[in-house]
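Protein chains in written order, with this note's numbering: chain A, 1 to 306; chain B, 1001 to 1306; chain C, 2001 to 2306; chain D, 3001 to 3306.
To be clear, the hints were calculated from the coordinates, so they are not data collected in a lab.
In this text the structure is predicted, and so the values were computed from the model without any measurement.
Ideal Cβ positions, reconstructed from N, Cα and C, are used throughout, including at glycine.
Worth double-checking, as some hints may not be accurate.
Stated by the list, open to error - Which bits of chain D does chain A cover? Going by a derived footprint, with three or more residues having C-beta under 8 Å, they are: (1) 3220 to 3233; (2) 3281 to 3287.
As the list claims (entries may be wrong) - Distance ranges between label pairs, derived from CB positions: (3) D:3087 / A:153: 53 to 61 Å; (4) C:2133 / B:1245: 54 to 62 Å; (5) D:3164 / C:2226: 56 to 64 Å; (6) A:240 / C:2267: 18 to 26 Å; (7) B:1140 / A:241: 36 to 44 Å; (8) C:2232 / B:1241: 55 to 63 Å; (9) C:2226 / B:1241: 35 to 43 Å; (10) C:2265 / B:1138: 28 to 36 Å; (11) D:3052 / C:2226: 46 to 54 Å.
Number of protein chains: 4
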Amino acid sequence: MCSRTMASKTPVGFIGLGNMGNPMAKNLVKHGYPVIVYDIFPEACKEFQDLGAQVTESPADVAERADRIITMLPSSPHAKEVYTGANGILKKVKKGSLLIDSSTIDPAVSKELAKAVEKMGAVFMDAPVSGGVGAARAGNLTFMVGGVEQEFNAAKELLTCMGSNVVYCGEVGTGQAAKICNNMLLAISMIGTAEAMNLGIRLGLDPKLLAKILNMSSGRCWSSDTYNPVPGVMEGVPSANNYQGGFGTTLMAKDLGLAQISATNTKTPVPLGSQAHQIYRMMCAKGYAMKDFSAVFQFLREEESL
Amino acid sequence: MCSRTMASKTPVGFIGLGNMGNPMAKNLVKHGYPVIVYDIFPEACKEFQDLGAQVTESPADVAERADRIITMLPSSPHAKEVYTGANGILKKVKKGSLLIDSSTIDPAVSKELAKAVEKMGAVFMDAPVSGGVGAARAGNLTFMVGGVEQEFNAAKELLTCMGSNVVYCGEVGTGQAAKICNNMLLAISMIGTAEAMNLGIRLGLDPKLLAKILNMSSGRCWSSDTYNPVPGVMEGVPSANNYQGGFGTTLMAKDLGLAQISATNTKTPVPLGSQAHQIYRMMCAKGYAMKDFSAVFQFLREEESL
Amino acid sequence: MCSRTMASKTPVGFIGLGNMGNPMAKNLVKHGYPVIVYDIFPEACKEFQDLGAQVTESPADVAERADRIITMLPSSPHAKEVYTGANGILKKVKKGSLLIDSSTIDPAVSKELAKAVEKMGAVFMDAPVSGGVGAARAGNLTFMVGGVEQEFNAAKELLTCMGSNVVYCGEVGTGQAAKICNNMLLAISMIGTAEAMNLGIRLGLDPKLLAKILNMSSGRCWSSDTYNPVPGVMEGVPSANNYQGGFGTTLMAKDLGLAQISATNTKTPVPLGSQAHQIYRMMCAKGYAMKDFSAVFQFLREEESL
Amino acid sequence: MCSRTMASKTPVGFIGLGNMGNPMAKNLVKHGYPVIVYDIFPEACKEFQDLGAQVTESPADVAERADRIITMLPSSPHAKEVYTGANGILKKVKKGSLLIDSSTIDPAVSKELAKAVEKMGAVFMDAPVSGGVGAARAGNLTFMVGGVEQEFNAAKELLTCMGSNVVYCGEVGTGQAAKICNNMLLAISMIGTAEAMNLGIRLGLDPKLLAKILNMSSGRCWSSDTYNPVPGVMEGVPSANNYQGGFGTTLMAKDLGLAQISATNTKTPVPLGSQAHQIYRMMCAKGYAMKDFSAVFQFLREEESL
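For reference, chain A alone in the conformation it holds in the complex:
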C-alpha cells in the first residue's frame, strides 16, 4: 500500500471513457498522472494513446499495471461486469489497491462490490459525481464519496484533479445514497416548479414576476432560482434553448429508478419521488428522452395546436 500513498505520480487506471469518463481522465493527464486506460469500445481509447496513455485489453490488465483505478460506467450491470466479470479487475487486482467507482449505481451494488474487493485485500470507494459534461471538462465536478474514512485522503488526492468539491459521506454506498437523494429531491422540486409556474401563468400571472415572487418566498428552490424551466424567465439555461443540453430526461429517469429501487429495498415510503419517476418515465415514452429534464414544463403544458 506504501507505493500508492508515497509516490503519488505512479500510474492511475481509468476504465470507462464515455461522455463523462473522457474529460475526467484527461484532467488526470493534465495533472501529470500517467494513465492506463480501458474502454469496451477500442476507439474510445485512441485519443488517450495519442496523449501517451497505455491502452489495455481488459479491466484485469488495468488492475495488473495500476494500483489506483477509477471506473466511470453507465449502470449497475456494467459495473458488476468490470469488477467481477471474466476479465474483470478482481482477476488481477493487487493487494492494497484503491478502486474508486464514480458510476451512479444502486448503493446495494456498491456494497456488494466493496465486499468482493475487500476479500482480495484491496479498497473500494464509491464516488459518484454531480455536474454534467461541462463540469467534467472544467474539472469542477462534485464527488460524493463513500468508504473507509482513513482512505478518503488518498481518494481525494485523485478526485481533486477532476472536481472542485470532494465530500466524504460515510461508509461504502453513502456516496451513491447522497447522489440519489439529491437527484430525487431535484426531480421533485423541478416538477413542482413547472407545475406552479404553469398554474400561475394560467391564472394570469406574468412568468418572470411569478419566478421573482417564488424566489423571495418559501417556494424558492434551485429549480426556480437557478434553472427555471419556463422559457423567457432566465438566460443561459436549457429552457432558454429549447431544452437542449443540460441533464437529459432519460438520465434523470435512470437516477429516479435507482432511488425507487433503494426505497423499495429499504421499505421507505417516497410518494412524490415515486411519482416523479413515473412522470419522467412517461416523458421518455412520449419523445422527451433526449431533452433536458426541465422540459417537464413543456410536457405538462397544453399543446399549441389544441
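Starting from the known structure of chain A, arrange chains B, C and D on it as the hints suggest.
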C-alpha cells in the same frame, strides 16, 4: 375618492379579528389609524374597544363609516357572506371605497367579489399574506396584491403598516394566484425534502451531513436550508420542537385544496401538487392536523413501536 | 301537484338538446309525451318542431307551460343559469312542479339548486345518467336519482322512458355522488388495467392470455373483462377501433374534476382518484381529448418511433 | 428424465415449510407422494417426520435424493440462496430434474435461476400461487406457470395436488409476471374502491346501496363485489372481522415492490401501481402491516377521535 387619498388618517375598517386579523389591526392602530372593527364573535372586538376603536354590528355598518376596509377571513364562503350577505359590505359601501381582502381564497371567488364591488362603484383588491402569526405581530408579513394598478399605491399605504413586503402581482385574483402557487411548490418541496432525508438516513447517511450536501447541490430548497423537517438538523424550527408552532398541516391542506380547485377549473395538470394535497389530507385524517406541515417527515417515518 | 301525478301524458319540458338530450327527448316523444323544448342553440330545437314539439324562447317559458321538466346540461354553470338565471326556470316555475336535472354536476350545486327550487314550492331531483349516446338512443341509460323519496315514483315514470335502470340513491345530491364515485373508480381501474396489461406485455406475456388470467383472478374488473383497453384483446370496444367512439377522455377528465372538487370540499383523501384526474388531464394536454378514455393504454405505451 | 415422468410416485422434494409451504407439502403427502423436506428452521420439519417424510440437512441433500423439487420461499434472496448457495440445490442436482419454484419473486431472478439450472442439465419453472393459507390447505390454489411448454404437463401433475387451477403463462418468468400484474391491478382497484366508497359515504350515500350501484355499473371490480373493504357491506370478508385474516398489507407491499422493480427494469410507466405501492408502504409504517390489505379503507378514513 379624494377623501381617502388626500387625508390618509381617516378611519380604516377591519373585518375579521382572528389569529391573524387581530395583530394586523393592532398594527394599523399603532400607525395612528382610527379603526372601525367587526367580527362575527363580539368578544373578539372587546380588546379593540379598549384601544379606542369603534365596534360595529355588521360589515354593512363598517362600510357605512369607513371608505377603506380590510377583510381577513378564513374561507371563500365567509368572504362571500361578508361582502354580499344580507348585512354585507355591499349593502352600504360608499362609491370610491377601497376594499382589500387579505383572506386566502379561491381566485375565482376574488374575481366574483371584485365584479360585485365594481358594480357599486368601489374598488376591490385581493391581498393575501405570506407569513404566520409571528410575522403578523412583528408587522413583517408579505402581501401579494391583485387589482387595478392605479389603486396599488393607496393599498400599499395601509398594507405597509402590517407588512414589510408588498408586491403587485397583476389584475384581480393574481394575489391569490401567487400565494397558491408558492404554497403548492412549498408543500411539494417540503414533502420531497422529507422523503429525501428519510431515504438518505435509511441508506446510512448522517442527517446533518445530508442536509449540508443537499444545500450545496441542486436539491437545495427553502425546506431543506431554512426549515429542515428532520429533528436535530436545525435549531429554531418546528422540527426542533416536536412540530409545534409554524404553519399547521390543516392550513396547508386548505391552501392545497385551493390550488387543486384552481387547477381543476383551468384544466391545468398538477400531478405532484395534487399528490401533495392528498398526503396532507391523509395526515389530517391521521392526527397531524394541528402539527406544523414539516411533520410530514414524521408521518412518512416508520413508527418507533414497529 | 295533482295534475302531474294523475294525468301522466300532460306536456313534459326538456331543456338541453345536445348529444345526450336529443335522443333522450325523442324517447319521451316516442312514449307519447307532448314535449316543450328549449336549447340555447335554436337550431337544436328544429328537429323537435318537426316532431310536433312546442319550441320556446327560454327556460322560463318552458316552466310556464310544463309542470314536469327535465334538464340535460354540460356543466354546473350552465345548470345554474338555466335554473336561476335572468330567464331561468325559477322565474316562472309553478308550485308543485317536478324538476329533474340529468346533468352531471357538482353535488353541492345540485343541493343549492334544490334549495332554490324548494323555496318556490317545487320539487328538484338530480338524476345523472350512466351510459353514452348509444344507450341514450336505445333508451337503456341508467339513472341515479337523488331527492325526496316520495317523489321518486313520479320521476321514475318519466325516466323509464329513457332508461332501463332507475335507481333511487337518497337525498338530493346523492344521484350525482353515486355517478361521480362510480366514474372515479372506473377511471382508476381503467388506468390500472392499462398499466398491468402494459407491464405484463413488456414482461413477455401474451395480452389475450394475461386478460384471461386477470379476469379469472382478483384483478378482474369491468375495464379488464368488458372494455379491455389493449387492441386485439376484445372486439366491439373502442380499443378495437383506434379508440374512437365510447366515452371521451375529456368527459372523463370533467367527471374526475367533479370528484376532486367533492373530495376537496368534504376533506376526503382520494390519492388514486386524484392521480387518475391528473393523468386524464395530461392526456387532454397531449392530444387525446377526443379519444375514448381507454386510450390511456396508448398514452402509457412507448411511442412506435422511439 | 424417464424416471420422473413414468413413475410418478417417486419421491418429491419440498423446500420451505412456512405458512404456505406446510399445507402445500401436506397435500402432496395426501396424494400419496413420498416427500423429502428441508427448511431453514429444523422445527418446521418435525411435523413432516411424523408423517413419514425424510428430513434433510440442506437443499443440496434434497437435490441428491429427489428429481422433482418444489420450492416455496419468502423472497428473491432466499430463492437465490436455496438454488445457488453453498449448500444449494445446484450443488447436487441430477440431470433432468424438474425444479418448480412457487415463491413470488422478481421475474428477472427467476430467469437468472432458470439459466443456472439449465447449465446443470435440469429444468426450472416458476409457478407462483394466488390464494392464501386457506386455499393452500383446501388445495385450491391457482398456479401461474412459466417455463418450457413441453415440461408443463410434468409440472401440472404435481401442482394439481395443491391447486385447482394450473395456468400455463409462457416462457420462464411469465408466471411471476402474471402474478405481479394481477396483484398490482388488485391493489389499485382495492384502493380505488376504498376511495370511492369513502367519498360516497361522505357525500351521503348508504354504503350497501353504493356498493350495489358500483357492482351493476362500470366501476365494478373484484374488490367491490367480492371483497368489499367497508365494514357492514358484506359478510365473510376481512372487513367484517376488523381486517383480520386475508392477505396482509405487508405481503401486498412486497408484491407491489416486485411490480415496481419489474417496471423500473423494463422502463414501463406504472403511475397508479407506483402510488399504490407507496400507500401500502405508508400503511406498513403506520401500524397496518399485519392487517388485511382491504384495511386501506380504514387508513383513508378520518380517525374516530378527531
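TODO: Report holds or violated for chain A covering the segment 3281 to 3287 of chain D, Cβ cut-off 8 Å, minimum 3 residues.
DONE: Satisfied; 4 residues make the cut.
Open item on the list: Can you tell me whether the CB distance of residue 2133 (chain C) to residue 1245 (chain B) sits inside 54 to 62 Å?
Closed with: holds, 56 Å
Task: Outcome for the supplied range 36 to 44 Å, where the beta carbon pair is residue 1140 (chain B) and residue 241 (chain A) - done: Check passed, 39 Å falls within 36 to 44 Å.
TODO: Evaluate the given range 46 to 54 Å for the C-beta pair formed by residue 3052 (chain D) and residue 2226 (chain C).
DONE: holds, 50 Å
- [ ] Using the beta carbons of residue 3164 (chain D) and residue 2226 (chain C), state whether their distance is inside 56 to 64 Å or not.
- [x] Since residue 3164 (chain D) and residue 2226 (chain C) have Cβ atoms about 25 Å apart, the given range 56 to 64 Å is violated.
Open item on the list: Against the range 35 to 43 Å, how does the distance between the Cβ atoms of residue 2226 (chain C) and residue 1241 (chain B) compare: consistent or not?
Closed with: violated, 55 Å
- [ ] Take a look at whether the Cβ-Cβ distance between residue 3087 (chain D) and residue 153 (chain A) falls inside 53 to 61 Å.
- [x] violated, 43 Å
TODO: Using the beta carbons of residue 240 (chain A) and residue 2267 (chain C), state whether their distance is inside 18 to 26 Å or not.
DONE: Given a distance of about 42 Å, which is not inside 18 to 26 Å, the answer is violated.
Open item on the list: Against the range 28 to 36 Å, how does the distance between the Cβ atoms of residue 2265 (chain C) and residue 1138 (chain B) compare: consistent or not?
Closed with: holds, 34 Å
Open item on the list: Just to be sure I understand the hint, the distance between the Cβ atoms of residue 2232 (chain C) and residue 1241 (chain B) should be within 55 to 63 Å; is that true here?
Closed with: About 60 Å separates the Cβ atoms of residue 2232 (chain C) and residue 1241 (chain B), which means 55 to 63 Å holds.
TODO: Establish whether the coverage given for the segment 3220 to 3233 of chain D by chain A is satisfied; the threshold is a Cβ-Cβ distance below 8 Å, and no fewer than three residues must meet it.
DONE: Violated, because only 0 residues of the segment 3220 to 3233 of chain D bring their Cβ atoms closer than 8 Å to Cβ atoms of chain A.
Comparing the model with each earlier hint shows violations of hints 1, 3, 5, 6, 9; every other hint is respected.
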